[in-house]
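Construct the entire structure; sequences and hints are all you get.
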Amino acid sequence: MIKVFLFTGDIEEGAENELLERDISLQSDVLKVSHHGSNSSNSEAFLHAVEPSLAIYSAGEGNAFDHPDDDVLARLEAIGANVYGTDVSGNIVVKTNGRDYSVQASEEKDAGTCYAGMVAVNRATVEELQEISQIGPARAEQILNLRPFTSYDDFLRIEGIGQEHLASIEQQGLACFDD
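Just so it is clear: in the sequence shown, position 123 is 108 by our numbering, and no numbers are missing.
Computed cross-link-like contacts, DSSO-like style, restricted to lysine-lysine with a CA-CA straight-line distance of at most 27 Å:
#	residue 1	residue 2
1	K80	K17
2	K(-12)	K80
3	K(-12)	K17
Derived from the structure by calculation, the hints contain no laboratory data.
What follows is the structure, encoded as C-alpha cells:
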C-alpha cells in the first residue's frame, strides 16, 4: 500500500474541522504535526481521523511558546503514533520508496539551526531582528554591522547588551544562527 504524508502547516482547530466536514479520507501514515504541536490545533477528532503511525513536530528547545503542548503529545501517544520532535531529536529525515518509510534523527541537536518562526540573525532584516528581545532599531543596525553571529554570546558585542539582557534574549529562544 502506498504511504501517505499529511503536511498541515499552521492550521488551527477551525481549519481541522473544515477538513473533517469534507468527504475525504484524512488517514495518513506520516503527519507533520500542526503549528509546532500547539494546543490550538491537533484536536482529538482530527488526530483520530488522520491516525498517523508517525507524527513529527518542529519546535525549538525551550521555546517561549512552550511548544509542543503536553496534551497534544498525550493525544498522539493515545492513538499509537511514534512521535519525533526537532527539540528532542534534532534534524529528522523521513525517506520513502512509496511503500515503506524510514526515519533518521540526528543524535545531536544543532543549537544554531533555524526553524520556522525563528529569527535567523545572519540573514534577518532590521525589522525582523527587532522581534528579538532587547533589540530595537539601533541594536538591529549594530547586528547588521557585526555579522556573522555564531552563538548567543555574540550579542555581548552589541552596545548596551550585558549578561542580564543576554539572559533575556536566550530565554526567548527566538534567535538562531544559520549562515
